[in-house]
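**Student:** As a plain string of letters, each chain reads:
Number of protein chains: 2
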Amino acid sequence: MKIAIYGYGNLGRGVECAIMQNPDMELACVFTRRKPGEVKILTDGVKVYSAGDILSMKENIDVLIICGGSATDLPIMTPELAKNFNVIDSFDNHSNIPMHFENVNTAAEVGNNIAIISVGWDPGMFSVNRLYGGALLPVGNDYTFWGPGVSQGHSDAVRKIPRVLDARQYTIPVEAALESVRAGNTPELAVRQKHKRQCFVVAEDNADKAEIERSIVTMPAYFADYDTTVNFITAEEMERNHSRIPHGGVVIRSGATGPNLENNHIIEYNLKLGSNPEFTSSVLVAYARAAYKMRSRGITGCKTVFDVAPADLSILTPEEIRARLL
Amino acid sequence: MKIAIYGYGNLGRGVECAIMQNPDMELACVFTRRKPGEVKILTDGVKVYSAGDILSMKENIDVLIICGGSATDLPIMTPELAKNFNVIDSFDNHSNIPMHFENVNTAAEVGNNIAIISVGWDPGMFSVNRLYGGALLPVGNDYTFWGPGVSQGHSDAVRKIPRVLDARQYTIPVEAALESVRAGNTPELAVRQKHKRQCFVVAEDNADKAEIERSIVTMPAYFADYDTTVNFITAEEMERNHSRIPHGGVVIRSGATGPNLENNHIIEYNLKLGSNPEFTSSVLVAYARAAYKMRSRGITGCKTVFDVAPADLSILTPEEIRARLL
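Which chain is which? The protein sequence lines are A and B, in order.
Once you know that position 182 of the first sequence is 182 in my numbering, the rest is easy, because the numbers rise by one and skip nothing.
Numbers in my numbering are just positions in the second sequence, counted from 1, shifted up by 1000.
The hints are simulated quantities; they were obtained by calculation from the structure and are not laboratory data.
It should be emphasised that the depicted structure is a prediction, and the values quoted were computed from it without experimental measurement.
Treat the hints loosely; a few may be bogus.
Listed next, the stretches of chain B that the computed footprint assigns to chain A, with coverage defined by at least 3 CB atoms under 8 Å from CB atoms of chain A [claimed, not checked]:
(1) 1116-1127
(2) 1131-1138
(3) 1198-1210
(4) 1264-1273
To be clear about the criterion: a stretch of chain B counts as covered by chain A if any three or more of its residues have a C-beta under 8 Å from a C-beta of chain A, and this derived list gives those stretches [stated by the list, open to error]:
(5) 1007-1020
(6) 1249-1259
(7) 1280-1293
(8) 1297-1309
C-beta: ideal position from N, C-alpha, C; glycine also.
Work out the full structure: start from the sequences and follow the hints.
**Tutor:** Given below as structure tokens:
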């Protein structure tokens, strides 16, 4: 199947790498809003086109993976592109998903295409596991913890403070809360009890570090409700120790069964990701395969990870899956 | 939807409890191969019938959950019943699944019914997670660890040793192996390196305990390839400390992404189950809902957990799922 990439940043590069790991796929082409000549990709012999030229490539693309931002790109791009292509996106603004779904669904139905939105790990694999957990253990509680990992939004917020040159913010689950949930307790956890925040900051030479720290830990919404530690480091330390983009987290369903709910069960789905964008990209590519298979069975309209049967994600045949994995 | 139970042992009782947790379901009736008058169930006003009378109830049952053993019951029962009912089973003889699938598929197609086989946690949720893991991280390794938990087969094997009155065998993952895999190593693990076995044995008063221990730890296939510890206890201790049937385990996918595979990722699915049969029953009931929804869309034939989209397991509407869980 021929997969194209729309937008070539961290996520687009990750998609390109993931396609190389899947021998049933080939990269058809890459679209960019930059000048195509200035975008250098990894795959030999594959062309980069201007985003504006995409309609001319319509016949050469089975599924288009849209690698844009959720704030302003995807709400416009995905409905527009779904009119002409089978598309996948990673729209992650949870509260706007129902509206995005409706817009994309209308466009995909008009174009007789399939679109799978909000693909990644949260939303995405975490969502699937929240659903499985609740379906298997209807009497129970859901817990989602994020991290340890880099939050781009929180890092950006720190970078905007005057005299801060660079910053990296790690979101870290509070171990005591995690252990309590894993032990089968079902605690009610306040925001501060679930996650803590750790910042690494490069400041200007003669900056007032105490003032910067105060600005961080009191920042409403981002930090004020959390226990936050701030570490000032050099630019070299930042480069050496904090250039990767790890992330991860945990979805736990804690439930009970039996005539008197006397048996407790814990279902935990745990991700430790060396690279947040590369893992997200790998999920996008697996769901691109599903989109291809589902469309070839005549399925159109907007779908989410909830609508995709696991078998459609696999490169293996149904017979192989049953013999090897069941 | 009206769910019926075929076979009322540990699993059937668990199914009955699970149905009570799902307000969109009701227990239609229970079938037994014992005398119906001797089977006492938990649900008021629901009748127990002889297994032989099942065809007379055909119009009152949407999905039949077959709670039989995999060795001799299900290979006969599931194809036979799939001719007349939508059915779910927990067939768990991994190497015979392809043959069972074919037999059930033929029968279900003849009867225009849907059948979902090999539902539970392994096969079942573990299988689904092996599939997701391999699809998301094609370059990587799979690991499955079982336990800590009671193995019925190994407990039975110990009980058959002369002068053993009762026995309980726990399968326990080797912590060092588990930690190595979680740390992103991809070790090749021999049988002995993955699991150890712990036996609790009630022996006759003047039995030769050393001889019993020797019989256990040298038993081919069951114990000889494992590090096994044997503890002799009293019947009272057995009753007090070992009457529950916990189980669980872990499926891990360890994979790498990036142009030079420089980023490692760990996906872990972890179950800690207070009651093995009750959790299996809960999974069976969730897939009974999926069978009902899929059949109402015209889908027939034999399916497995790989063919079931997560949304079909949920009591929630598609809109509710997207708004609350995505």
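**Student:** A separate judgement is required for each hint: does it hold in the structure or not?
**Tutor:** Right, here's what the structure says about each hint:
1. Residues of the stretch 1116-1127 of chain B lying with their CB closer than 8 Å to a CB of chain A number 4, which satisfies the three-residue condition for coverage.
2. Remark: the stretch 1131-1138 of chain B is confirmed as covered by chain A, as 7 of its residues place a Cβ nearer than 8 Å to a Cβ of that chain, reaching the required three.
3. Residues of the stretch 1198-1210 of chain B with a Cβ under 8 Å from some Cβ of chain A number 0, which does not satisfy the need for three, so the listed coverage is violated.
4. With a cut-off of 8 Å between beta carbons, the stretch 1264-1273 of chain B has 10 residues touching chain A; three or more are needed, and the interface restraint holds.
5. Three residues within the 8 Å Cβ limit are the bar, and the stretch 1007-1020 of chain B against chain A gives 3, so the coverage statement holds.
6. Coverage of the stretch 1249-1259 of chain B by chain A holds [criterion: at least 3 residues with CB-CB distance below 8 Å; count 4].
7. Evaluation of the coverage hint for the stretch 1280-1293 of chain B: fulfilled, as 5 residues show C-beta separations to chain A shorter than 8 Å, against a requirement of three.
8. Residues of the stretch 1297-1309 of chain B with a Cβ under 8 Å from some Cβ of chain A number 6, which satisfies the need for three, so the listed coverage holds.
Going down the numbered hints, you'll see the structure goes against just number 3.
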